[in-house]
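Based on these hints, arrange chain B on the given structure of chain A.
Keeping their order, the protein sequence lines are chains A and B. Reading the first sequence from the start, the letters are residues 897 to 1398 in the numbering used here. Reading the second sequence from the start, the letters are residues 897 to 1398 in the numbering used here.
Treat the hints with care, since some could be wrong.
Any copy, or any two copies together, can satisfy a pair, since identical chains are not distinguished.
[Claimed, not checked] No farther apart than 20 Å at their CA atoms in a straight line, the calculated lysine to any residue pairs in the SDA-like style are these:
id: 1; residue 1: Lys905; residue 2: Met941
id: 2; residue 1: Lys905; residue 2: Ala935
id: 3; residue 1: Lys1126; residue 2: Pro930
id: 4; residue 1: Lys951; residue 2: Glu910
id: 5; residue 1: Lys1126; residue 2: Val1146
id: 6; residue 1: Lys905; residue 2: Ser936
id: 7; residue 1: Lys1126; residue 2: Tyr928
It is worth saying that the hints were derived from the structure and are not from the lab.
There are 2 protein chains.
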Amino acid sequence: MEKKLQELKTRLLEIDDLEMAASVLNWDQSTYMPPGGAASRARQMSTLARLSQEKFIDPEIGKLLDDLQPYGESLPYDSDDASLIRVTRRDYERATKIPPAFMAEFYQHGSLSYQAWAKARPENDFATMRPLLEKTLDFSRKLADFFPGYEHIADPLIDFADYGMKASSVRALFADLRQQLTPIVQTIVNQEPANDSCLRKHFPEAQQLQFCEEVARQIGYDFNRGRIDKTHHPFMTKFSLGDVRITTRVKENYLGECVYSVIHESGHAMYEQGIRMDLDGTPLAGGTGAGVHESQSRLWENVVGRSRDFTEFFYPRLQKTFPDQLGSVSVDEYYRAVNKVERSLIRTDADEVTYNLHVMLRFDFELMMLEGTLEIKDLPDAWHARFEQDFGLRAPDDRDGALQDVHWYAGAIGGAFQGYTLGNIMGALFYDQALKAHPEIPDQIRLGKFDTLRGWLTENVCQHGRKFTEPEIIERITGGSIRIEPYIEYLRGKYRQLYSLS
Amino acid sequence: MEKKLQELKTRLLEIDDLEMAASVLNWDQSTYMPPGGAASRARQMSTLARLSQEKFIDPEIGKLLDDLQPYGESLPYDSDDASLIRVTRRDYERATKIPPAFMAEFYQHGSLSYQAWAKARPENDFATMRPLLEKTLDFSRKLADFFPGYEHIADPLIDFADYGMKASSVRALFADLRQQLTPIVQTIVNQEPANDSCLRKHFPEAQQLQFCEEVARQIGYDFNRGRIDKTHHPFMTKFSLGDVRITTRVKENYLGECVYSVIHESGHAMYEQGIRMDLDGTPLAGGTGAGVHESQSRLWENVVGRSRDFTEFFYPRLQKTFPDQLGSVSVDEYYRAVNKVERSLIRTDADEVTYNLHVMLRFDFELMMLEGTLEIKDLPDAWHARFEQDFGLRAPDDRDGALQDVHWYAGAIGGAFQGYTLGNIMGALFYDQALKAHPEIPDQIRLGKFDTLRGWLTENVCQHGRKFTEPEIIERITGGSIRIEPYIEYLRGKYRQLYSLS
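The shape of chain A in the complex, shown without the other chains (with noise of 0.2 Å):
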């Protein structure tokens, strides 16, 4: 057993080197790679791509999991080799059970259909896009019938993000969700705005990327295993667990977009980080699903870096860093505008408190499109009317309606948004239990001692990589299951400082 365990591990080794070495390739092509190398570099990655993916399928290693099988039910559900195998065994059979032609035409697709949304969103052109679409929800049907025994469709695709998931269950929860945030959003959009326009004055960049990179090594972004670049679109990605880089972005007439991206993908990056080291270049150095992955990244974004503890410990040097902008700007003053409730058109702009509508209009309607109840041509007036109804607000065209999001038009429908929401959910619900362990936590963070809470998320969280799914870290940690309690007295408690809520 201990040999064939061993020659797993080695296999899973070259798969994971392959894996890494793409990742490499593609933050490369987002940071630093001249025009000139584009055609290549998207050949080399998908030659990568397929060798791991070759590797992975191959029949030897189905014959070594289903050979260690016992084995591994015979440990501690825990223990890493068990779970070594378990999780290898999932991701297995995944891969197998999708046929590499059929994924092959549909990256084929979704790299087609990506570079015409990327035409036709500023094009305001839906009706281009809409047999690209069409084609992609077939695509993302069959995905899911390689899965047989679902209960709903789109399971297999929630499955994907988030294991352990059902629509059945997000969709209970959300609509729970719903009924509690809508009185609050309602009460707070139809108070006066916040004013912002501390953060829109000029910032310049070389200023704002040193000051974000002490925030980010205070709050534990260990840049001795990470460091940050500069991307049009800021991402987290890991080539081993002793390198493990985000990207940033920055607007120098708003200061609110580098600061706090930088927060979030250091959130990211900090779950990887706290990985245990001996799992690196196995199956379980990773984060364990879309929603506990945002649970960390929108734990330090929101609920510890727009605090108002937070703010006090951290403005006073931001205020140093831009003197003549900040200077008269009060601690009050600045702690509103960054968190600034409105009435907005676009997610990924969008207030921690309103951001949940639109991630669940779009959840919503991909299980309706999935189910046949939402047909691709009737999307933009849907969207246009659940918009209305859902914020009082009309989006004025389908470019920052229906074409808004990247996600249906490179990849599936189905399962590519409920993780945003769980993710804030399940960061309540994780700060809630590590304030019950540790109630002297949001004093540190007035002082700027993160350490208490970085352990304690480190040790319940982060160190098990995919040990665990989703569900299960939520019960080891709460007992429980998913709730949202937490989460809403979370936001009515921050809140009913700043507006007045009932």
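Only chain B this time, still in chain A's reference frame:
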């Protein structure tokens, strides 16, 4: 045949993708990788190298080459397909004659030896390196012995770097060069050395980098297909013909470092950028050997970059960038400073005249060590003796003597050095031919126009990639074989303006 050729090309492209991916990982390691990434990165690069090697020595490739051989021979020698089959066969035979286990052992030894050297050199500790170097010599001899039938044991090792050259012919060429060069060196170094204090002021890094980028762009390095980053040692690397990058280092207290290293590396890069784009992804898409590669870098750095004509164009711009430092320094003073010839201990810092004596010492010692006429234990003293004879100077220790260069301590003994001086000789040979075809080149250079020279080099050298061997390239250009006269003429012509030469 068409189908077999296509299959060969498909296999070679996949191998190229893996090799290029390894190059990206290596570039990242030298430029931006955080320290924590080191351990996994070494493994990732070695996995990619192993996979590409495995795929290349696959007997299927041997079979395809066998089947294609008659077809290749039926085509004109200089056709793309004939060249592809011929060059791939050469690479294949080389790769398959060396047992993979031997190479793995040698690489591992090289890596250990390199690490030991990095510590031993600053400590002037040859004793520690002696057994390691003896083992390297042993490996080097065994490596040569995988290619029986050689005239001199160094020949197979010289072939790796400069295919078609031999110990006997290089030895004869160098003996000739030495005879002609020694009196020139003697005459110059006995005169008052040039004053290069104008280069040794404070030149801020950012301005140096910006200026160097402008110079590289002006001489023709294509930034649409390249970029410059900082590394500990400057190098050129390629990820496709559309992405050929260079690196540099900056000394704020010495202007000569960054400027001329950027021109040098741009020369290497323009060679690769000048290869016909439709050869991309094949074994033909590379420089044909170390000598021709150095001919391009050294031609641009020295023959062009340190010429009076280039300086006339370039220096006023440099003055404008550094008015405080250079405003009162005349073009003549600057020109003398960057062409200062002196007895010096370090090869990489040496001027273009004495440089060859450094190289020839190392080349001769490589042959003697391989032959067994120089034992490793006697290397340090032999170095000091020969150095005193050649330079009238004695290194104070082994640090700047036998421990100076990384080459023997990280790779094979044999074939490592001749390319530098071959490059000087070939650079002058090619430039001489370019001037015969286009006597207007120097006048153009004085005006900052480099198209004619670059066009001639692209047409006659770069575009072919590896289609022709070094002797073939020389034969095509000059109608004969390599000769030193143009190089000696060039040195005499140039240095007679700077020093009194008899």
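(request) Give the relationship of Lys905 and Ala935 under a CA distance limit of 20 Å: within one copy only, between copies only, both, or neither. (result) between (34 Å within a copy, 17 Å between copies)
(message) One pair to classify: Lys905 and Met941, alpha carbons no more than 20 Å apart. Within, between, both, or neither?
(response) between (24 Å within a copy, 18 Å between copies)
(request) First find the shortest C-alpha distance between Lys1126 and Val1146 inside one copy, then the shortest across copies, and answer within, between, both or neither for a cut-off of 20 Å. (result) within (8 Å within a copy, 23 Å between copies)
(request) First find the shortest C-alpha distance between Lys1126 and Pro930 inside one copy, then the shortest across copies, and answer within, between, both or neither for a cut-off of 20 Å. (result) For Lys1126 and Pro930, both the intra-copy (14 Å) and inter-copy (16 Å) Cα distances are at most 20 Å.
(request) Check Lys905 against Ser936 for me: Cα-Cα at most 20 Å, and say if that holds within a copy, between copies, both or neither. (result) Between copies only: 15 Å across, 31 Å inside.
(message) When Cα atoms must be at most 20 Å apart, do Lys1126 and Tyr928 count as within-copy, between-copy, both, or neither?
(response) Answer is both; intra-copy 9 Å and inter-copy 13 Å each pass.
(request) Using 20 Å as the alpha carbon limit, work out where Lys951 and Glu910 are close: within a copy, between copies, both or neither. (result) both (9 Å within a copy, 15 Å between copies)
No hint from the list above goes unmet by this structure.
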